[in-house]
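If you read the sequences in order, they're chains A and E. Here my numbering = 1-based position in the first sequence + 5. Here my numbering = 1-based position in the second sequence + 2.
Calculated directly from the structure, the hints in this document are not laboratory data. Take these hints with a grain of salt, some might be off.
Between beta-carbon pairs, the in silico distance windows are [stated by the list, open to error]:
hint, chain 1, residue 1, chain 2, residue 2, range
1, E, Ile-57, A, Arg-95, 35 to 41 Å
2, A, Phe-11, E, Lys-268, 40 to 46 Å
3, E, Cys-189, A, Ala-263, 55 to 61 Å
4, E, Tyr-53, A, Ile-158, 32 to 38 Å
5, A, Gly-142, E, Thr-263, 33 to 39 Å
6, A, Leu-134, E, Glu-54, 30 to 36 Å
7, A, Ile-158, E, Glu-107, 54 to 60 Å
Backbone N, C-alpha and C define an ideal beta-carbon position, used for all residues, glycine too.
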Amino acid sequence: MSLELFLQHFFNALTLGSLYGLIAIGYTMVYGILRLINFAHGDILMLGAYFVFYGTTLFCLPWPVAVVVAILGSAGLGVLMDKIAYRPLRDAPRISALISAIAVSFFLESLAVVVFTGLPRPVHQPEWLVSIITIGGARLMPLTLLVPGVTAILVAALLYVVYHTKPGLAMQAISKDIETTRMLGVSVDKIIALAFAIGSALAAASGIMWALRYPQINPYMGVFPGFKAFIAAVFGGIGSIQGAVIGGLMLGFIEIMAVAFFPELSGYRDAFAFILLVVVLLVKPTGLFGEKQKEKI
Amino acid sequence: MTASRENSSSFRNHTLTVLAIVLLFLFLWWADGSMAEDLGLSFLPEGLNGYEVQILNLVAVYGILAISLNIIYGFTGMFSLGHAGFMAIGAYVSALCVLTPDQKEMMWIIDEILPSLAALHTPFWFSVILGGLVATVFALLIGIPVLRLGGDYLGIATLGFSEIIRVLIVNATPITNGSLGIKGIPCHTDLFTSFIWLLVVVFCTVRLLSSNFGNVLKAVRDDEIAAQVMGINVFHTKLFSFCLGAFLAGVGGALLGNLLTTIDPKMFTFLLTYNILMIVVAGGLGSISGSIIGSVIITVLLEWLRVVEEPLNLGFVEIPGIPGMRMVVFSVCLLVIILYRREGIMGMREITWDGIAAFLSRFGRKKENRA
Numbered sequence: 006m007s008l009e010l011f012l013q014h015f016f017n018a019l020t021l022g023s024l025y026g027l028i029a030i031g032y033t034m035v036y037g038i039l040r041l042i043n044f045a046h047g048d049i050l051m052l053g054a055y056f057v058f059y060g061t062t063l064f065c066l067p068w069p070v071a072v073v074v075a076i077l078g079s080a081g082l083g084v085l086m087d088k089i090a091y092r093p094l095r096d097a098p099r100i101s102a103l104i105s106a107i108a109v110s111f112f113l114e115s116l117a118v119v120v121f122t123g124l125p126r127p128v129h130q131p132e133w134l135v136s137i138i139t140i141g142g143a144r145l146m147p148l149t150l151l152v153p154g155v156t157a158i159l160v161a162a163l164l165y166v167v168y169h170t171k172p173g174l175a176m177q178a179i180s181k182d183i184e185t186t187r188m189l190g191v192s193v194d195k196i197i198a199l200a201f202a203i204g205s206a207l208a209a210a211s212g213i214m215w216a217l218r219y220p221q222i223n224p225y226m227g228v229f230p231g232f233k234a235f236i237a238a239v240f241g242g243i244g245s246i247q248g249a250v251i252g253g254l255m256l257g258f259i260e261i262m263a264v265a266f267f268p269e270l271s272g273y274r275d276a277f278a279f280i281l282l283v284v285v286l287l288v289k290p291t292g293l294f295g296e297k298q299k300e301k302i
Numbered sequence: 003m004t005a006s007r008e009n010s011s012s013f014r015n016h017t018l019t020v021l022a023i024v025l026l027f028l029f030l031w032w033a034d035g036s037m038a039e040d041l042g043l044s045f046l047p048e049g050l051n052g053y054e055v056q057i058l059n060l061v062a063v064y065g066i067l068a069i070s071l072n073i074i075y076g077f078t079g080m081f082s083l084g085h086a087g088f089m090a091i092g093a094y095v096s097a098l099c100v101l102t103p104d105q106k107e108m109m110w111i112i113d114e115i116l117p118s119l120a121a122l123h124t125p126f127w128f129s130v131i132l133g134g135l136v137a138t139v140f141a142l143l144i145g146i147p148v149l150r151l152g153g154d155y156l157g158i159a160t161l162g163f164s165e166i167i168r169v170l171i172v173n174a175t176p177i178t179n180g181s182l183g184i185k186g187i188p189c190h191t192d193l194f195t196s197f198i199w200l201l202v203v204v205f206c207t208v209r210l211l212s213s214n215f216g217n218v219l220k221a222v223r224d225d226e227i228a229a230q231v232m233g234i235n236v237f238h239t240k241l242f243s244f245c246l247g248a249f250l251a252g253v254g255g256a257l258l259g260n261l262l263t264t265i266d267p268k269m270f271t272f273l274l275t276y277n278i279l280m281i282v283v284a285g286g287l288g289s290i291s292g293s294i295i296g297s298v299i300i301t302v303l304l305e306w307l308r309v310v311e312e313p314l315n316l317g318f319v320e321i322p323g324i325p326g327m328r329m330v331v332f333s334v335c336l337l338v339i340i341l342y343r344r345e346g347i348m349g350m351r352e353i354t355w356d357g358i359a360a361f362l363s364r365f366g367r368k369k370e371n372r373a
């Protein structure tokens, strides 16, 4: 493989990986706090992409405005989702909340089919994002550099919020012990809602970038990125934000590089992530950065 | 005194069971439309039409599938989302077995079919059992590593497994005809076949679950650590239950394939698993009768909901049909059930003859008191 080609694959992997990482953050935040796999997270991603699509085409909003509206709308949706479907089940068995999450995901997908129709829609890519530039012999779109850049900024901002602000501290506290945190006077429900809002906003951001990178959107577009990002979160160690990002990047590299070096495997690309999941869970169930949890009797 | 009473009640229960089965088959005979023909009784009302027969068939097949998921999830407490994968295996194995060599020759156009598979031609009942067995082998392979995981991790891992199966089916063109799927499977699943399978499955699972092994399963579900302390080999129990569920899922998938006469990888996505999960949750986790009631209600509801997709004429206004709407209603139903009635219709209870008798005598006494 020539160096140029390798560079090209490298940047593709970096883009895909940072998208996985961004989505994985939402999973890891919710799972870290509530021990709930938010199945509907991938569908928020899809809705974010659709919001931008309709914002720019139907309401003729300029791109930046549409993006902001979509991200805010998705964040609101995440909070709403928590309030309707998950909060009533806080004290229920965890599996009930999981089924509720499946129902929400199923609902959002079916609703998207009804509202947006099941036809895949082409996404308009702004010219300056896709005009090919050449770096070190590799032909790239500016988009492939923009995505990791935006991801880095968002992750840095998020890390600041979680580790250097009071709500972030509360989030960490909740993930350790929800009852004690409540007794210490933290309004737990608000903090959980905030976690959902942040996670959903990041999902929407990645959905928008996903739609730009792979310019076609459909109501089921979020499902597979969602599953894979969850796997990335498990890989990185669920509950850890850095872990989610690194897990996402590694998953992106595995997917792209495996196909780049062994083209005959391309049909099995979707299976890699799931095989990785099984391997990780067997070898190191806590993931790369996860904390070991003792089972309480 | 007590012994004779027990005897008489068990005799009554057996009689009632046999009677119910006879009634069911009389109904099926009528529904099939062949009763009037066979007996030459022209005064009988006509049997159900093809559409209604198809729904009845689906009820039976979904019943089998729901029971199989209920064994894994409701009775053993393993949250498995791999059902679509097992069903796909069953359906493909069975389809490969029942198709004639000529049909296969014609259908495999991407790649030549493997010669050993092309020559394969077995009776229908054998193909169904073989489908179940192959699904069991896969369950064993995936279960040994994955069942060590708990709770929701298991769900994701099994979901991943079913997606891997789908990817394999798409790519293994010499065996499965890839994404083109298999068409023209002879429609072997008629009313009698599907309901006999359902009855056999119900009978076997009820016997199994009322045995001591059923208690072992429930012990593992309720508290794994306590079960382990009691000397139960938790892992073996889980593996057995997982394989049994997978076997039944394979059988159900095989019946479904033969009922619909065409299968392709797109059919067996996670949405199919969600459908089965919905039936189990609605019927009641840990209740066989709940699973059957659930499959009747959900299957009929799903068909009945087609109304909302068709244009509705109220005389003065015409409401246009909205395609896809029934899935929205369906998912809202699932959400409402899980939020407001988590235990489903039956909870963990079962409908038994004793229960019905007790209910009737209570009901009668109440009436007497009032009078």
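Consistency of the hints with the structure:
{"no.": "1", "hint": "Ile-57/E / Arg-95/A: 35 to 41 Å", "verdict": "holds (39 Å)"}
{"no.": "2", "hint": "Phe-11/A / Lys-268/E: 40 to 46 Å", "verdict": "violated (35 Å)"}
{"no.": "3", "hint": "Cys-189/E / Ala-263/A: 55 to 61 Å", "verdict": "violated (42 Å)"}
{"no.": "4", "hint": "Tyr-53/E / Ile-158/A: 32 to 38 Å", "verdict": "violated (57 Å)"}
{"no.": "5", "hint": "Gly-142/A / Thr-263/E: 33 to 39 Å", "verdict": "violated (55 Å)"}
{"no.": "6", "hint": "Leu-134/A / Glu-54/E: 30 to 36 Å", "verdict": "violated (55 Å)"}
{"no.": "7", "hint": "Ile-158/A / Glu-107/E: 54 to 60 Å", "verdict": "holds (59 Å)"}
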